[in-house]
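Asks: Sequence:
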Amino acid sequence: DDEEEEEEEWELEEMAQCAEYNFENNNNNRRLDAEEEANYYVGAYCSENGGNIYLGLFTEESCSQFADEYGGRETFTTLSYGKSLPYSASTMIGTECMSCK
1 DDEEEEEEEW ELEEMAQCAE YNFENNNNNR RLDAEEEANY YVGAYCSENG
51 GNIYLGLFTE ESCSQFADEY GGRETFTTLS YGKSLPYSAS TMIGTECMSC
101 K
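In terms of this note's numbering, the sequence shown has 91 at position 91, counting the first letter as 1, and numbering is strictly consecutive.
These are computed hints drawn from the structure, not numbers from a lab.
Note that the structure is predicted; figures quoted are calculated from it, not measured.
Wrong hints could be hidden among the right ones.
[Said to hold, decoys possible] So the derived label-pair ranges between C-beta atoms look like this:
#: 1; residue 1: Ala19; residue 2: Glu74; range: 16 to 22 angstroms
#: 2; residue 1: Asn49; residue 2: Glu24; range: 22 to 28 angstroms
#: 3; residue 1: Ile93; residue 2: Ala38; range: 26 to 32 angstroms
For glycine and all other residues, C-beta sits at the position ideal for the given N, C-alpha and C.
With the hints as extra help, turn the sequences into a complete structure.
Replies: Structure representation (structure tokens):
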């Protein structure tokens, strides 16, 4: 399904710059705790050694506070009902050069 792939495709340029992420609400399993009221942001961050770039889930708009100790992966999976955050476990970059603009 090409349409389904497009829907799942992430706008990496937008997400790499730190953008608010809105989770879909599943009315059959509605959350009534503080997590529902929180704003979350997806943005890029460098690995500790600086050789990889990942997407993480953050709790503030400058993308400097992870949502959890795993770069936000666990929180994303919980709030998205099992979906994985793309590029949270594998790097966004390869060995080819990319434009910084």
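Asks: Does each hint hold? Answer for all of them.
Replies: Hints, verified against the model:
1. Range check, Ala19 to Glu74: about 20 angstroms between beta-carbon atoms, so the 16 to 22 angstroms window is met.
2. Range check, Asn49 to Glu24: Cβ separation about 35 angstroms, and the 22 to 28 angstroms hint is violated.
3. Checked against the given bound of 26 to 32 angstroms, the beta carbons of Ile93 and Ala38, roughly 29 angstroms apart, stay inside it.
The structure fails to meet hint 2 from the earlier list, while all remaining hints are met.
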